[in-house]
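Peer 1: With my numbering applied, the sequence shown closes on residue 841, and no number is skipped along the way.
There may be inaccurate statements among the hints.
Below, simulated SDA-like cross-link-like pairs (lysine to any residue); rule was C-alpha separation at most 20 angstroms, straight line [stated by the list, open to error]:
1) Lys769 <-> Phe693
2) Lys596 <-> Thr639
3) Lys769 <-> Ile560
4) Lys444 <-> Phe386
5) Lys570 <-> Thr809
6) Lys506 <-> Asn434
7) Lys818 <-> Glu568
8) Lys574 <-> Lys818
9) Lys487 <-> Tyr374
10) Lys506 <-> Asp437
11) Lys769 <-> Gly699
12) Lys570 <-> Lys818
13) Lys680 <-> Arg711
14) Lys580 <-> Lys352
15) Lys444 <-> Asn434
16) Lys580 <-> Glu826
17) Lys352 <-> Thr463
18) Lys570 <-> Pro376
19) Lys399 <-> Arg521
20) Lys680 <-> Ile824
21) Lys506 <-> Glu442
22) Lys680 <-> Asp644
23) Lys580 <-> Pro541
24) Lys818 <-> Ala684
25) Lys506 <-> Pro541
26) Lys580 <-> Gly672
27) Lys680 <-> Glu715
28) Lys580 <-> Glu568
29) Lys352 <-> Asp437
30) Lys769 <-> Asp565
31) Lys506 <-> Pro479
Simulated from the structure, these hints should not be mistaken for laboratory data.
Computed from a predicted structure; not experimentally measured.
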Amino acid sequence: MGDVVTDKDREYERREEASAPGSDQPMHDRVNNRSLRPSGEAFKSFMTTGWDRREPAIEPLESSGYTPARLEVLGRRFPGERLVIPAGTPKVRNNDDDYAFRPDSVFSYYTGLGQDYEAGAVLVMNPVDPDSPEAKAGATHTPELFVAPRADNSTEDYYRDSHYGEYWVGPRAGLRELKAMTGIDTHDIAQLQDALSKDVGAEAGAVRVRAIREADPQVTAMVEEIRRANGFPDDRSNQADDDALQEFASQIRMVKDPYEIKEIRKAVAATKDGFDRILSRLPEAVDKPRSERMLESEFNAVAREEGNTVGYGTIIASGRHAPILHWMRNTGVVGDGEMLLIDAGVEAESLYTADITRTFPTNGTFTPLQRKLYQAVLDSQQAGFEAARPGATYSDIHHACMRVIAERLHDWGVLPVDVEEALSPEGQQHRRWIACGVAHHLGLDVHDCAQARYESYQGAKITPGMIFTIEPGLYFAENDLLLPAEMRGIGIRIEDDVLMTEDGPEWISKAIPKQIDEVEAWMRERRAAASDR
309 MGDVVTDKDR
319 EYERREEASA
329 PGSDQPMHDR
339 VNNRSLRPSG
349 EAFKSFMTTG
359 WDRREPAIEP
369 LESSGYTPAR
379 LEVLGRRFPG
389 ERLVIPAGTP
399 KVRNNDDDYA
409 FRPDSVFSYY
419 TGLGQDYEAG
429 AVLVMNPVDP
439 DSPEAKAGAT
449 HTPELFVAPR
459 ADNSTEDYYR
469 DSHYGEYWVG
479 PRAGLRELKA
489 MTGIDTHDIA
499 QLQDALSKDV
509 GAEAGAVRVR
519 AIREADPQVT
529 AMVEEIRRAN
539 GFPDDRSNQA
549 DDDALQEFAS
559 QIRMVKDPYE
569 IKEIRKAVAA
579 TKDGFDRILS
589 RLPEAVDKPR
599 SERMLESEFN
609 AVAREEGNTV
619 GYGTIIASGR
629 HAPILHWMRN
639 TGVVGDGEML
649 LIDAGVEAES
659 LYTADITRTF
669 PTNGTFTPLQ
679 RKLYQAVLDS
689 QQAGFEAARP
699 GATYSDIHHA
709 CMRVIAERLH
719 DWGVLPVDVE
729 EALSPEGQQH
739 RRWIACGVAH
749 HLGLDVHDCA
759 QARYESYQGA
769 KITPGMIFTI
779 EPGLYFAEND
789 LLLPAEMRGI
799 GIRIEDDVLM
809 TEDGPEWISK
819 AIPKQIDEVE
829 AWMRERRAAA
839 SDR
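Please build the complete structure, drawing on both the sequences and the hints.
Peer 2: Here it is as structure tokens:
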């Protein structure tokens, strides 16, 4: 951790030097063309001179006005302890090709950094001296950010380091830039191990260390090594400490501040644009091979144009694919007259995401059967919305949605028992057609705050500032012999994003049509707009 040249790069360079002119060692086969770097002194001098070194103006991020309060709350929960929160590192897709980097959500929350500024960075919360003026003023910790320095064109790493070198990756934020952006004191990542080791011990007055374990295995290994060397050999106890940090960092994100609410509204607005783009393409896509992918590409393009990317894998599920809860292959044909389920959300550059599902008749008009089934899901969602009040729980939303679903299934002759038996803990027969939950927190993760305990999540009271989804559905598999033949192969979900206010719930996504007549009008409008192009 902290090296700006990987072991693999060093091996390539060793081979290169061995095969340089004058060497009697044969040239080795190269497995990575990024290793083909000249290494002579003349070239080094040539590559580090003659460049324009103008520095861009750096403005504080809007999020930097909110992170001090978040850090203060975190510090108060773990007084006297050192907290280690890594951004994580790029993950390998295959061979030497990485997935696009996306920082760990805990890191993003406490630094305010989105996008991909800071692969390999680590936020450290250092406990202040209890006798210091800062402690007497109420401070518990000093935040410090450890990052790789810029490898700009004044450095040899500019062209030698394919991970950080700006010859390879373009200008990136370094120590000076990230301090200006975040307001957090920033240091060279090479100093990280010494910083984490300082004053660690099991004796009274010494420092205990906790870390977000899953974000960066190398940092976790470093922390474990420091613990074992300083009186904390019990790996199980150490992991329990880390789990407590992860749990708190997850739970505390349940209530959103004004910045977070604004960013989720922005993500929802971009998601509406993505649905518009899909509906404009839909008439052309019907009955075409892999037309689910055609529609997916439209949404994903908007996510990249207006945000960072998609917040999760986009689901485009037509006909028999729609009852498959996590259909993300999107390889099917969008058939004429089918129901088309689309579950998609844009992730803003701040990394806050929307999570919206709409279900459409592919030809623009609901059949009587489609209308009946769709309205049942819509009524179920409205019941969940009405149950969502300050002081209510997710269970209240769940039960309200499920009662409507059970009643309609009974009315249609599908449910093999009466409604009350189905709704009893011993029954639950209606869950055959809606096995998933109907609400979850939303934020930096599409299933936000997921490391919180059950009693802090599903069993806790909903309070103003929480943002969550309400998403009932009906999932009628094509091979379900308990259903009438005409119902098989239909899947419907309606999902919206909700902000709890002091006065009750607000549909954040109310601008995305979902009433039957509004959906049909929306589809006509987009068809007309597409034909006018």
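Peer 1: Does each hint hold? Answer for all of them.
Peer 2: Against the structure, the hints come out as follows:
Note on Lys769 and Phe693: the hinted pairing holds, with a Cα-Cα distance of about 15 angstroms set against a maximum of 20 angstroms. Our distance criterion of 20 angstroms between C-alpha atoms is met by Lys596 and Thr639, whose separation comes to about 11 angstroms. A distance of roughly 14 angstroms separates the Cα atoms of Lys769 and Ile560; the hinted pair therefore holds under the 20 angstroms criterion. Between Lys444 and Phe386 the alpha-carbon distance is near 17 angstroms, which keeps this suggested pair within the 20 angstroms criterion.
This hinted pair checks out: Lys570 and Thr809 have alpha carbons roughly 14 angstroms apart, not beyond 20 angstroms. A hinted pair counts as satisfied when its Cα atoms are at most 20 angstroms apart, and Lys506 with Asn434 qualifies at roughly 10 angstroms. Distance restraint check for Lys818 and Glu568: the Cα-Cα separation of roughly 18 angstroms lies within the 20 angstroms cut-off, and the hinted pair is therefore satisfied. At roughly 13 angstroms between alpha-carbon atoms, Lys574 and Lys818 fall within 20 angstroms of each other, so this suggested pair holds.
Between Lys487 and Tyr374, the direct Cα distance comes to roughly 15 angstroms. Compliance with the 20 angstroms bound is thereby established for this hinted pair. Between Lys506 and Asp437, the direct Cα distance comes to roughly 13 angstroms. Compliance with the 20 angstroms bound is thereby established for this hinted pair. The suggested pairing of Lys769 with Gly699 holds, with an alpha-carbon distance near 5 angstroms, which does not exceed 20 angstroms. This hinted pair checks out: Lys570 and Lys818 have alpha carbons roughly 15 angstroms apart, not beyond 20 angstroms.
Taken as a hint, the Lys680 and Arg711 pair is honoured in the structure, with Cα atoms around 17 angstroms apart against an allowance of 20 angstroms. With a C-alpha separation of about 51 angstroms, the suggested pair Lys580 and Lys352 falls outside the 20 angstroms cut-off, and the hint is violated. Between Lys444 and Asn434, the direct Cα distance comes to roughly 16 angstroms. Compliance with the 20 angstroms bound is thereby established for this hinted pair. Restraint check: the Cα-Cα separation between Lys580 and Glu826 comes to about 14 angstroms, which is no more than 20 angstroms; the hinted pair holds.
Between the alpha carbons of Lys352 and Thr463 the distance comes to roughly 9 angstroms, so the proposed pair stays at or under 20 angstroms and holds. A C-alpha spacing of about 18 angstroms is found between Lys570 and Pro376, which places the hinted pair at or below 20 angstroms, so the restraint holds. Using a Cα cut-off of 20 angstroms, the hinted pair Lys399 and Arg521 holds, with the two alpha carbons roughly 16 angstroms apart. The suggested pairing of Lys680 with Ile824 holds, with an alpha-carbon distance near 10 angstroms, which does not exceed 20 angstroms.
The hinted pair formed by Lys506 and Glu442 meets the criterion: a straight-line CA distance of about 19 angstroms does not exceed 20 angstroms. Using a Cα cut-off of 20 angstroms, the hinted pair Lys680 and Asp644 holds, with the two alpha carbons roughly 19 angstroms apart. Of the supplied pair hints, the one linking Lys580 and Pro541 is violated, its CA atoms being roughly 52 angstroms apart against a limit of 20 angstroms. Between Lys818 and Ala684 the CA atoms are separated by roughly 19 angstroms; this keeps the pair inside 20 angstroms, and the hint holds.
Between Lys506 and Pro541 the alpha-carbon distance is near 17 angstroms, which keeps this suggested pair within the 20 angstroms criterion. Among the hinted pairs, Lys580 with Gly672 is consistent with the structure: their alpha-carbon atoms are about 18 angstroms apart, no more than 20 angstroms. Restraint check for Lys680 and Glu715: the C-alpha separation of about 13 angstroms stays at or below 20 angstroms, so the hint holds. For the proposed pair Lys580 and Glu568, the alpha carbon gap of about 19 angstroms is at most 20 angstroms, so the pair holds.
Distance restraint check for Lys352 and Asp437: the Cα-Cα separation of roughly 46 angstroms exceeds the 20 angstroms cut-off, and the hinted pair is therefore not satisfied. For a cut-off of 20 angstroms, the pair hint linking Lys769 to Asp565 stands: about 18 angstroms separates their Cα positions. Note on Lys506 and Pro479: the hinted pairing is violated, with a Cα-Cα distance of about 33 angstroms set against a maximum of 20 angstroms.
Hint check: violations occur at hints 14, 23, 29 and 31; the rest are consistent with the structure.
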